[in-house]
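Number of protein chains: 2
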Amino acid sequence: MSSGTLSENRVFLFDSTLRDGQQTQGVDFSVADKIAIAMGLDTIGVDYIEGGWPGANPTDNEFFNERPDLKGAQFVAFGMTRRPGRSAENDPGLAPLVNSAADAACIVGKTWDFHVDVALDIPRTENIDMIGESIAFLKARKSEAMFDAEHFFDGYKANPQFAMDCLLSAYDAGARWIVLCDTNGGTLPQEIRQIVSDVTDKIPGTHLGIHCHNDTENAVANSLAAVEAGARQIQGTLNGLGERCGNANLVSLIPSLKLKTTYDVGVSEEQLKRLTSVSHMLDERLNRASSSNAAYVGQSAFTHKGGLHVSAVEKDPKTYEHINPEDVGNRRHIVVSDQAGRSNVLAMFRDMNINLDVQDNGKMTTLLQRVKDREYEGYSYDGAEASFELLARRAFGEVPKYFVLSRFRVMDDRRWDAKHNLVTESEATVRLDVGGNEIMEVSTGNGPVNALDCALRKALLPFYPELEDMVLLDYKVRILTPQDGTRAVTRVMIESGDSTGRRWTTVGVSPNIIDASYNAINDGITWKLFHEKAKSI
Amino acid sequence: MSSGTLSENRVFLFDSTLRDGQQTQGVDFSVADKIAIAMGLDTIGVDYIEGGWPGANPTDNEFFNERPDLKGAQFVAFGMTRRPGRSAENDPGLAPLVNSAADAACIVGKTWDFHVDVALDIPRTENIDMIGESIAFLKARKSEAMFDAEHFFDGYKANPQFAMDCLLSAYDAGARWIVLCDTNGGTLPQEIRQIVSDVTDKIPGTHLGIHCHNDTENAVANSLAAVEAGARQIQGTLNGLGERCGNANLVSLIPSLKLKTTYDVGVSEEQLKRLTSVSHMLDERLNRASSSNAAYVGQSAFTHKGGLHVSAVEKDPKTYEHINPEDVGNRRHIVVSDQAGRSNVLAMFRDMNINLDVQDNGKMTTLLQRVKDREYEGYSYDGAEASFELLARRAFGEVPKYFVLSRFRVMDDRRWDAKHNLVTESEATVRLDVGGNEIMEVSTGNGPVNALDCALRKALLPFYPELEDMVLLDYKVRILTPQDGTRAVTRVMIESGDSTGRRWTTVGVSPNIIDASYNAINDGITWKLFHEKAKSI
Numbered sequence: 001m002s003s004g005t006l007s008e009n010r011v012f013l014f015d016s017t018l019r020d021g022q023q024t025q026g027v028d029f030s031v032a033d034k035i036a037i038a039m040g041l042d043t044i045g046v047d048y049i050e051g052g053w054p055g056a057n058p059t060d061n062e063f064f065n066e067r068p069d070l071k072g073a074q075f076v077a078f079g080m081t082r083r084p085g086r087s088a089e090n091d092p093g094l095a096p097l098v099n100s101a102a103d104a105a106c107i108v109g110k111t112w113d114f115h116v117d118v119a120l121d122i123p124r125t126e127n128i129d130m131i132g133e134s135i136a137f138l139k140a141r142k143s144e145a146m147f148d149a150e151h152f153f154d155g156y157k158a159n160p161q162f163a164m165d166c167l168l169s170a171y172d173a174g175a176r177w178i179v180l181c182d183t184n185g186g187t188l189p190q191e192i193r194q195i196v197s198d199v200t201d202k203i204p205g206t207h208l209g210i211h212c213h214n215d216t217e218n219a220v221a222n223s224l225a226a227v228e229a230g231a232r233q234i235q236g237t238l239n240g241l242g243e244r245c246g247n248a249n250l251v252s253l254i255p256s257l258k259l260k261t262t263y264d265v266g267v268s269e270e271q272l273k274r275l276t277s278v279s280h281m282l283d284e285r286l287n288r289a290s291s292s293n294a295a296y297v298g299q300s301a302f303t304h305k306g307g308l309h310v311s312a313v314e315k316d317p318k319t320y321e322h323i324n325p326e327d328v329g330n331r332r333h334i335v336v337s338d339q340a341g342r343s344n345v346l347a348m349f350r351d352m353n354i355n356l357d358v359q360d361n362g363k364m365t366t367l368l369q370r371v372k373d374r375e376y377e378g379y380s381y382d383g384a385e386a387s388f389e390l391l392a393r394r395a396f397g398e399v400p401k402y403f404v405l406s407r408f409r410v411m412d413d414r415r416w417d418a419k420h421n422l423v424t425e426s427e428a429t430v431r432l433d434v435g436g437n438e439i440m441e442v443s444t445g446n447g448p449v450n451a452l453d454c455a456l457r458k459a460l461l462p463f464y465p466e467l468e469d470m471v472l473l474d475y476k477v478r479i480l481t482p483q484d485g486t487r488a489v490t491r492v493m494i495e496s497g498d499s500t501g502r503r504w505t506t507v508g509v510s511p512n513i514i515d516a517s518y519n520a521i522n523d524g525i526t527w528k529l530f531h532e533k534a535k536s537i
Numbered sequence: 001m002s003s004g005t006l007s008e009n010r011v012f013l014f015d016s017t018l019r020d021g022q023q024t025q026g027v028d029f030s031v032a033d034k035i036a037i038a039m040g041l042d043t044i045g046v047d048y049i050e051g052g053w054p055g056a057n058p059t060d061n062e063f064f065n066e067r068p069d070l071k072g073a074q075f076v077a078f079g080m081t082r083r084p085g086r087s088a089e090n091d092p093g094l095a096p097l098v099n100s101a102a103d104a105a106c107i108v109g110k111t112w113d114f115h116v117d118v119a120l121d122i123p124r125t126e127n128i129d130m131i132g133e134s135i136a137f138l139k140a141r142k143s144e145a146m147f148d149a150e151h152f153f154d155g156y157k158a159n160p161q162f163a164m165d166c167l168l169s170a171y172d173a174g175a176r177w178i179v180l181c182d183t184n185g186g187t188l189p190q191e192i193r194q195i196v197s198d199v200t201d202k203i204p205g206t207h208l209g210i211h212c213h214n215d216t217e218n219a220v221a222n223s224l225a226a227v228e229a230g231a232r233q234i235q236g237t238l239n240g241l242g243e244r245c246g247n248a249n250l251v252s253l254i255p256s257l258k259l260k261t262t263y264d265v266g267v268s269e270e271q272l273k274r275l276t277s278v279s280h281m282l283d284e285r286l287n288r289a290s291s292s293n294a295a296y297v298g299q300s301a302f303t304h305k306g307g308l309h310v311s312a313v314e315k316d317p318k319t320y321e322h323i324n325p326e327d328v329g330n331r332r333h334i335v336v337s338d339q340a341g342r343s344n345v346l347a348m349f350r351d352m353n354i355n356l357d358v359q360d361n362g363k364m365t366t367l368l369q370r371v372k373d374r375e376y377e378g379y380s381y382d383g384a385e386a387s388f389e390l391l392a393r394r395a396f397g398e399v400p401k402y403f404v405l406s407r408f409r410v411m412d413d414r415r416w417d418a419k420h421n422l423v424t425e426s427e428a429t430v431r432l433d434v435g436g437n438e439i440m441e442v443s444t445g446n447g448p449v450n451a452l453d454c455a456l457r458k459a460l461l462p463f464y465p466e467l468e469d470m471v472l473l474d475y476k477v478r479i480l481t482p483q484d485g486t487r488a489v490t491r492v493m494i495e496s497g498d499s500t501g502r503r504w505t506t507v508g509v510s511p512n513i514i515d516a517s518y519n520a521i522n523d524g525i526t527w528k529l530f531h532e533k534a535k536s537i
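In order, the protein sequence lines correspond to chains W and C. Going by UniProt numbering, the residue at position 387 of the first sequence is 387; the numbering climbs one at a time, nothing skipped. Going by UniProt numbering, the residue at position 39 of the second sequence is 39; the numbering climbs one at a time, nothing skipped.
Incorrect hints may have been included.
Once the Cα atoms are required to be at most 25 Å apart in a straight line, the calculated SDA-like pairs of lysine to any residue come out as [said to hold, decoys possible]:
| # | chain 1 | residue 1 | chain 2 | residue 2 |
| --- | --- | --- | --- | --- |
| 1 | W | K419 | W | V404 |
| 2 | W | K372 | C | F114 |
| 3 | W | K318 | C | H420 |
Output of the computed footprint for chain C on chain W, the stretches with three or more beta carbons under 8 Å from beta carbons of chain C [claimed, not checked]:
| # | segment |
| --- | --- |
| 4 | 8-20 |
| 5 | 167-181 |
| 6 | 188-196 |
| 7 | 290-299 |
Quick caveat, the hints were computed from the structure, so don't treat them as lab data. Note that beta-carbon positions come from the ideal geometry of N, C-alpha and C, so glycine has one too.
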C-alpha cells in the first residue's frame, strides 16, 4: 500500500468508529461489539480500522491481543507521543502499541503553541522532538506510523511556523500519514481548503490526511474540501459517531466520493451495496433507532411524499432521486399524507402488494376523501401503513367484521396494599360480539392500555387462535390540537409484531387516550387476522 | 428591504420550516403549531417565513387567512407558476396566493428541460412564459415576488442555456429573488460554487438565493458555497426539517455566518441567544427528542468529560470549545465525575435563581445521589426544571407537605349511550389527607388524566384558593426502556400555567401511565403552591 505505486487519485479511508467514536456520550463498546463492527467495516472496503487505545483500558487491551480476521483493512492502534523528558524506548504509553496485534500505529500530538504552553507547559522544541522521536520509534516496529496533528487548524491560524514545524517533524521521521485534525470542529470549509492547500507546499498531499468534527455541521464538506485541496486520507466514523456533534460521517462520504467524483476510494460496487446494512448494524449494536433522515442510508432518504413528486418518480426515478437507492443497499419508499394524491395512493398499493380494482373511480374518490377527513381529525398515516391499508380495504369492502365491541371499562387504582406499599393497578373488562356470541372478559395489566389489550386478546383467542403469537412492540402518544382548535385530541401509534418477524403499525385518534389506544389496538388485531386470512366467525 | 440600499454583505434568511419542512415524513403541523413556530422564527431574526401553500389544503388555507403578528419577518405564501395554456389572471392556483394574508409570494417552476419534456410535456417556450407571466402577476399584487428554480443544478448541467433562460424570464419580470434549488439534493459543494458563480455573470448575486437538501450531508456547506460564490439569500429550515434527508439547517447556518464570517445576517446578539430554545421548541411541537449531537444547539455540543479536557476548559474554554456556548443560548455540560456533577447542579441552580445553602456538602451529596437514582429510573430533568427545583428543595427540606394522597381510582368506560352513540367517559375519584382532613372528590374528564386532574383540584381548591387560575397547558408521553432493560416505563411531562403568564414543566415516571401522570400533576400543583407561598394546612 505504498503511495508510490498508487494513482494520485486514490483517497484512503480511515475509520475511527472504535476509537474516536467511542468518545460519544453513552457509547461503551464491548470486545464483542468491536470485533463485529471491525468485520462490518472490512466488508465495505475501508483501508484502515483504528480499534482503540491499547494500554488505556481493559477492553482495548483485550481487543488488541489478537488481530481480527480482516481481509482488506489494516488494523491500527491509537496512542500519543512519548511523554516529555523520556525516550520513546522507555515510554510506558508507546510500549502497548508496539506489543499489540495492530499492523500500524497512529499517535496524536500537539501542534497549537497555545496548548503546548498552557496545557503541557513544556518548551516548544521538546514538543517537536516528542513527535519526531515517537514516529521514528513506531515506524521501525510497525508497517506504518501516522501522526494526528491535534488542533492543527487553530494552531496554524495562531502560529503557522510552529504548526508546520510539528508536521515536518513527523514527516521527516517517516510518518506515512500526517493527519490534520480540526479537533474543536469549528473551522468552515473555505478555510480548511485554504490551509490544506498551504500545507501541500511543504508536504505532498499523498501523505496528508484530514480529521474533522461536526460542530458546524460541515464535517463531511470539510473532508471533501481537504481532498479538493490535495489531502488523500479521510478519517471518519460510521454514522458520524463521536463526541459532541460527532466526527465526519464515512457513510455519507463513501458514496459521494465513489458515485459523484473521479476519486478512487478503493470501494467496489458490491462493497458499496453493503453500506446501508453496515450502518444499521452499528445502530443495532448501540441499541438505538437508526436515523431515518440519514444521507444515503436513512429510511427516508428515498421516500416520496408529495403527489406530484410521486407521479414523476414513477415516470423516471432520476426526476427526484439523486442516485439509484439500490447502489447503497437502500430502497424507495412512498408514503401517504395530506398532500397525497391519487398517484401516492396507487404507489402505496403496489408497495403493499394490495390488489384493488383501482379503475373504480368512485371508490378511489371515496378513499381519498376519507384519507383527507381522517388527517383533518388528527390521523396520520405516515408510518402507520397497516391502518392505511385497512382504511383502503374497508373503502373497497374487503375487510370482514371479525368482532364488534359493545363495551369496555378500564379502572386504575392507586392505593396502599396489605404490605403498606403504594401500588397502582389497572384492570380492564371488555364485552364483545363475536359472530353472535356475547363474550365478556377481564384482565389486569401494568397500565390501562396493557390491561385493555390483554382483556381483548383473552376474549378473542378462543375464536381466533391466529392471535397467539402477536405481541405489542411499541406504543407512542402525541397530544394534538386539531384544526378546529377547541379541544385537544390524542393520537396513539402502536407497533405490533408476530413470530414471522413481521411488524406493523396502526394509529388511533380520540379526545380520550384510552379510546385512541383501543382504536389502534383494534386495527392491529384486525390487520393480523386479515393477513392470516382468518375466517370471520 | 430593497437591495439597492443594503450592503452587498447582507445575507437574507428565508425559513421554509412550515412549507418544505412539512414535507418531512411524520410531520403534520396544525394551525396552532404553525402560529407558534412562526412566532419563534420571528424572534431569532429571520427575514422571510414561508408559511405554506394556500389553496393546497385546509390547514394552510386557515393559516393564511390572517397574518401572524410578526415583528420583523415577511410572511410568504408558496405556490407554483400558472398552468400551461391559461393566463395568470385566470389561474386557479395563483388566486389563493394573492387573496392570502401573505406579504410576499414565492412560486416554483421548472428549469430542467428534461422535466419540462417528460413531466409537464409542454413546449419549452411555454414554460418560460409561465415563469415570467406568473412573476409579473404576483409582483403587481404583493410586496415581493420570488422564483424557486426547481432542479436548477441538474437542469444547468443538462442544458445551461435553457436553465438560464428560465431564470432570466423571472428576473426580467421583476422577481426580487431567483432561488437556485438543488431539489434532489445530490450536488456537491464544489459544483454548487462553480455553477452559482456562472449564474452571477448574468444575474447579480444580490438577487440570487440558494435552496439545498441534505441528501449527501452537505446542505449547510452547499449553502455556504453559494454565498461564497455570490448568492445573498439562503433558504432552509429549523433543525434541517424537510423531506428525505432534510433541508439546509438554518440553526447551524445562522451562528456559523454570524460568528465566523464577515457576512451580515441581520441577526442581533440577543436574537442569536434564542437559537437553542427555538430549536428545541420545534422538537417539542413535533413531540420528539431533540438531537443531542446537533451542531451549536445539541445537549452534547459543548459536553466535556472529566480529566484533561475539563481542566483545560477551566483554564481557558477556547482550548476545547469553538465558540462560547452562551452565544447561541446553549450551555457547557460536564459529565462523569462527582465533582463535575456538582458544578452542573450548581450551574442549574444559578440558571433557576435557586438560592440554597450549597455549602452543606452532606445535603449536596444527597441531592446528587437522588438525581442519579431518578435518572436511572427514567426521569429526565432537561425541560422539566420545575420538578428538578422541587427535587432540590425537597433534598434541602424546604417544601411543605401540602397534601397526601391516600388513594385514587380512575375509570374509563366505552359504551352505547341512550341516543345510540358510542361514547367514552372517564371518571376519577381521589382521597386526600389535607392537614388531617380526609377529603374525597370525584370528577369526569375528557380522558383519564384530565379526570384525575379535575378531581384533585376540586379536592384542593377549598384549602388552596391559589390553585384557581392554574391550567394544564400541555401533556406529553414517551415510552422508555430504562437502563435495566427489563421492562418499559412511561415518562409523562406536563406543562402548567397560570394567569401571570408563568409556565412550568414537571415530569413523572412509572410503568403505569396514569401513575406517571399523577406524579407529574402532583409536582405541578406543588410547584404552584410553593411559589404562591401557600401556607401548608
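Given the hint that K318 (chain W) pairs with H420 (chain C), test it: the Cα-Cα distance must not exceed 25 Å. 54 Å, violated
With a C-beta cutoff of 8 Å, work out whether three or more residues of the segment 8-20 of chain W approach chain C closely enough for the coverage to hold. The restraint on the segment 8-20 of chain W is violated, since only 0 of its residues have a Cβ under 8 Å from chain C and three are required.
Cβ contact check, 8 Å cutoff: the segment 167-181 of chain W against chain C, three residues minimum: This one is violated; 0 residues, fewer than the three required, reach chain C with a Cβ under 8 Å.
Taking 8 Å as the Cβ threshold, is the statement that the segment 290-299 of chain W is covered by chain C upheld or broken by the three-residue rule? holds (count 6)
With the threshold set at 25 Å, check whether the alpha-carbon distance from K419 (chain W) to V404 (chain W) stays at or below it. Violated, at about 41 Å.
Tell me if chain C covers the segment 188-196 of chain W under the three-residue, 8 Å CB rule, please? holds (count 3)
Run the distance test for K372 (chain W) versus F114 (chain C): straight-line Cα separation, threshold 25 Å. 32 Å, violated
When each numbered hint is compared with the structure, violations occur for hints 1, 2, 3, 4 and 5.
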